[in-house]
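Take the given structure of chain X and dock chain F to it, following the hints.
There are 2 protein chains.
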Amino acid sequence: MTHPLFEKHRATLESALNAISTRGYWSPFPEMPSPRLYGETAPEEGKRAFEAHLGKHFELGQPGQTGWHGGEASPYGVALDVGYPVCEPDALIAAGLEAMKGWQAMGTDGRTGICLEILERLNRQSFEIAHAVMMTTGQGWMMAFQAGGPHAQDRGLEAVAYAWREQGFVPAEAAWEKPQGKNPPLAMKKHFQIVGRGIGLVIGCGTFPTWNTYPGLFAALSTGNAVIVKPHSNAILPAAITVRTIRAVLAENGIDPDLVSLCVAAKRATTQALATHPAVKSIDFTGGNVFGQWLIDNCRQAQVYAELAGVNNIVIDSTDAYKAMLGNLAFTLSLYSGQMCTTSQAIFVPAGGIETDDGHKSYDEFCADLAKAIERFLSKPEVAHAVLGAIQSADTAERIGVADSGALGKVVLASTALENPEFPGAKVRTPVLLACDAADEKAYMEERFGPISFIVKVADTAAAIALSERVVGTHGALTVGVYSTKQDVIDAMTEATWRSKVALSINLTGGVFVNQSAAFSDYHGTGGNPAANASYADSAFVANRFRVVQRRYHV
Amino acid sequence: MTHPLFEKHRATLESALNAISTRGYWSPFPEMPSPRLYGETAPEEGKRAFEAHLGKHFELGQPGQTGWHGGEASPYGVALDVGYPVCEPDALIAAGLEAMKGWQAMGTDGRTGICLEILERLNRQSFEIAHAVMMTTGQGWMMAFQAGGPHAQDRGLEAVAYAWREQGFVPAEAAWEKPQGKNPPLAMKKHFQIVGRGIGLVIGCGTFPTWNTYPGLFAALSTGNAVIVKPHSNAILPAAITVRTIRAVLAENGIDPDLVSLCVAAKRATTQALATHPAVKSIDFTGGNVFGQWLIDNCRQAQVYAELAGVNNIVIDSTDAYKAMLGNLAFTLSLYSGQMCTTSQAIFVPAGGIETDDGHKSYDEFCADLAKAIERFLSKPEVAHAVLGAIQSADTAERIGVADSGALGKVVLASTALENPEFPGAKVRTPVLLACDAADEKAYMEERFGPISFIVKVADTAAAIALSERVVGTHGALTVGVYSTKQDVIDAMTEATWRSKVALSINLTGGVFVNQSAAFSDYHGTGGNPAANASYADSAFVANRFRVVQRRYHV
Chain X
1 MTHPLFEKHR ATLESALNAI STRGYWSPFP EMPSPRLYGE TAPEEGKRAF
51 EAHLGKHFEL GQPGQTGWHG GEASPYGVAL DVGYPVCEPD ALIAAGLEAM
101 KGWQAMGTDG RTGICLEILE RLNRQSFEIA HAVMMTTGQG WMMAFQAGGP
151 HAQDRGLEAV AYAWREQGFV PAEAAWEKPQ GKNPPLAMKK HFQIVGRGIG
201 LVIGCGTFPT WNTYPGLFAA LSTGNAVIVK PHSNAILPAA ITVRTIRAVL
251 AENGIDPDLV SLCVAAKRAT TQALATHPAV KSIDFTGGNV FGQWLIDNCR
301 QAQVYAELAG VNNIVIDSTD AYKAMLGNLA FTLSLYSGQM CTTSQAIFVP
351 AGGIETDDGH KSYDEFCADL AKAIERFLSK PEVAHAVLGA IQSADTAERI
401 GVADSGALGK VVLASTALEN PEFPGAKVRT PVLLACDAAD EKAYMEERFG
451 PISFIVKVAD TAAAIALSER VVGTHGALTV GVYSTKQDVI DAMTEATWRS
501 KVALSINLTG GVFVNQSAAF SDYHGTGGNP AANASYADSA FVANRFRVVQ
551 RRYHV
Chain F
1 MTHPLFEKHR ATLESALNAI STRGYWSPFP EMPSPRLYGE TAPEEGKRAF
51 EAHLGKHFEL GQPGQTGWHG GEASPYGVAL DVGYPVCEPD ALIAAGLEAM
101 KGWQAMGTDG RTGICLEILE RLNRQSFEIA HAVMMTTGQG WMMAFQAGGP
151 HAQDRGLEAV AYAWREQGFV PAEAAWEKPQ GKNPPLAMKK HFQIVGRGIG
201 LVIGCGTFPT WNTYPGLFAA LSTGNAVIVK PHSNAILPAA ITVRTIRAVL
251 AENGIDPDLV SLCVAAKRAT TQALATHPAV KSIDFTGGNV FGQWLIDNCR
301 QAQVYAELAG VNNIVIDSTD AYKAMLGNLA FTLSLYSGQM CTTSQAIFVP
351 AGGIETDDGH KSYDEFCADL AKAIERFLSK PEVAHAVLGA IQSADTAERI
401 GVADSGALGK VVLASTALEN PEFPGAKVRT PVLLACDAAD EKAYMEERFG
451 PISFIVKVAD TAAAIALSER VVGTHGALTV GVYSTKQDVI DAMTEATWRS
501 KVALSINLTG GVFVNQSAAF SDYHGTGGNP AANASYADSA FVANRFRVVQ
551 RRYHV
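If you're matching them up, the sequences are chains X and F in order. Each residue of the first sequence is one higher than the last, beginning at 1 in our numbering. Each residue of the second sequence is one higher than the last, beginning at 1 in our numbering.
Worth double-checking, as some hints may not be accurate.
Where chains are identical, the list cannot tell them apart; a pair therefore holds if satisfied intra-copy or between any two copies.
Straight-line alpha carbon distances no greater than 20 Å define the calculated EDC-like cross-link-like pairs of lysine to aspartate or glutamate that follow [as the list claims (entries may be wrong)]:
id, residue 1, residue 2
1, Lys486, Asp395
2, Lys101, Asp488
3, Lys189, Glu495
4, Lys101, Asp491
Hints were generated in silico from the structure; no laboratory data involved.
One chain only, chain X, in its complex shape (with noise of 0.2 Å):
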């Protein structure tokens, strides 16, 4: 007898179980905003489903609710005026707790079935979550859908994926029959039951905030625990809608929907009371250092999967495909004007230039080629806009003024405003390319979040491949890349990054970017770096968000 919704997305579970361990190419959520795989009227009902948003207070019969709070500013100009419930975190608390009896009592299947049923209709609204994306972060048109709609999506299902398969290997019951030599056996029976750990609490980032806040929305759900979403206090409307969406499936299935809430707080204080109730028991944490660091120091009650700052490189040592290396990165470079937690900061050349098929070149010419490649991928307003967005916070903005400014290293490549037509109030830069020497550590040894790389002059490879290990032990890593035709440079780059314990991109020429993770492949964050505690997804991610409370009697 399992959940009727379980049944109805067997199929894509089977799938999703099938990708986590070959790890090849997977996704049920079409990427492409596609007419023609969302429907004809997809797109325009997207759109109208967010406009409707606009100027409005957002509703989601919460409880201990005792005001509204907005005030998100849009990167694009665009006004957006939406009010979010503000409600007691108590109240969010205790209603959440209470929730969760009937949630523990749905069993596994049922509650994956349930999720699984939240994810495709959150696939549904891809075209309104990505223009709340897209209108709160500053990502364009495409990757606001992608990454904000069925990426994310990709990355929740994951988590669920994983959480079905731990959850699965405790069994409802057990016989146990110990031989007592001529004696009769003696002979239990036992009962396992999967229990979730309490409130869940999941702090959303400005950058991504679908999908960055899935993984650990739905590990944490699906094991069995109330969520709270906390969203970064510029992009709120994308969690909200998805919080919505949850509430709704759940009612629809006879769960209190106050099992996932959305927890609006004007103050930090508020957050961090709520971080540290006894009742939360996880929290997942996209963001900056100083506030991650003190929920892993302060939040002892709870296990912290935390996302923060890190350094992430690029070695190059010699390619046979320079033209087609430098498109690669520009590309990297720019896309969301570098505001991705992938994006390459460092990019580490020898003082002696480098080995190319189009010949030897000096670290200076490299330099000049890469600014080139980025300034000739850019010129076409239609494409800069559509890959670099807008500069999604005023920290951002301020940090390439710094860099502008020469005060970081030689300026490569100046970061120049554009002016976009259809979004007259957005805040679009181009990125800022500096030149320093390995020595400048201060410079380029600490996360400059944004479009703000450096190339690093150092010895050679070898000491390229040394400072990227020490990069990535000290300061953390999501991302390194290697550039090389040496098969010995690869395997010590290799032997580097399993120290290290950073992802490595190996000479990356086409249409795969060393800042781009594929949900069901690509583990995002290895967790063995001070970029990040945890990965997307393996079974540390899950395992330890439930537990199983057993009983035995004779028989």
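Below, chain F without anything else, positioned relative to chain X:
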């Protein structure tokens, strides 16, 4: 091309994997110390091997040795005088990290095969280890053999099986092909490398130096980590024998034996420096709350798996087997003089008494009957000594004295000192049983390790269940029990344990006791209440001990 030792032990691994999935009875290691099972000469050889250690330096050939340290005092009053190598922790760490390279290269199957070989070799040493456990902990012979030998080996094997399963989910490589409409697909080759996280520090306890050490040791080792075993200062020998055997098997298989080392530290500060070392990535600890909490608070670089103090308890509502219930409880309270982390400390009995197959029993009658049952059970000296063993520490002896004085409650059964004719220096004490009111929380709501139990008078069964839940939730417990003939009482107790997250034993009257847990079937600890933040064993116990480092490239 799997490892020969993996092939040798493949059937054992497969049986273990089946056991952790079905959780029926299984063990590859015979629990009876029988010459028929272990070889005619095994008992005598084991005893001689143990005796050969006495009064000697225990050579391990570890790096950084600066001297020798010993000083174990046997609870049986036997002179041990074994000296163990004192080594610089930094030298052990450096050597361990260096040895990890070759260990990683073995792959999951190679590591698993070698761990299984180690366990088989330890099993052959069960008699030697049993004598070492008995003489350092004060356990009776049968318990020392079973819990110190085969049952500890079971728990180690269980951890290896979980670790193999989780590592086995990670494919070595994957072909990733993403369709691109009419264009050729994007195609990549990906490799996934399992890497250990660093040094796994395993801190043993004084009462179960192998049973509580093997799970963490084998979980960390089989997932690719180096391991440093820091035994309790009074139970070094069982750990030293274990480490020597591990080092021998590693060396025989071409692995640097410094992968696993013994750290004997005369000062607490040495252990603290070791535990907070940046290279230490996991800590397994069994012991008191003070040092355990210190580890959790200060070792932020490591994942800490801690088993701490608790207040195990039993709710007595009614029974249809009064005599058998009393006999079961008498055994539980007497076994190893209550020096088990699973022994019941508080027995909650309704003020109005209980219904039994022997008629109504008042609270006072129950107290008297349980006292009589213990006295009767321990009336034969040979049974008493076999079951009680000896008192492991002066602290426990002191606690018995305090309890006996009546300071904590009315003495229902006083502890008596017994003379052990075989070991005249043994400190042997029978259990002390106290009566108190539910309001006397200061008395019973704190772990009083040793043979000290409280029969707590509560208003009624419902109050007893609520009190049990509160005690477990606030002070922790590894075990609770309930006796009732009413299904609604059992159901209420079951639901209480789901909330407080503790294993429940129902109506135990036969040859299974609330303080016993069987590997592969019973989870030891849930990881969900203050008595332990982890469980022997589940996926969460192993999944976060290794990381996956991927690399990818176009094909």
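Going down the list of hints, with the structure as the test:
no., hint, verdict
1, Lys486 - Asp395, "neither (41 Å within a copy, 65 Å between copies)"
2, Lys101 - Asp488, "between (57 Å within a copy, 18 Å between copies)"
3, Lys189 - Glu495, "between (50 Å within a copy, 17 Å between copies)"
4, Lys101 - Asp491, "between (52 Å within a copy, 14 Å between copies)"
Violated hint: 1 only; the structure is consistent with all others.
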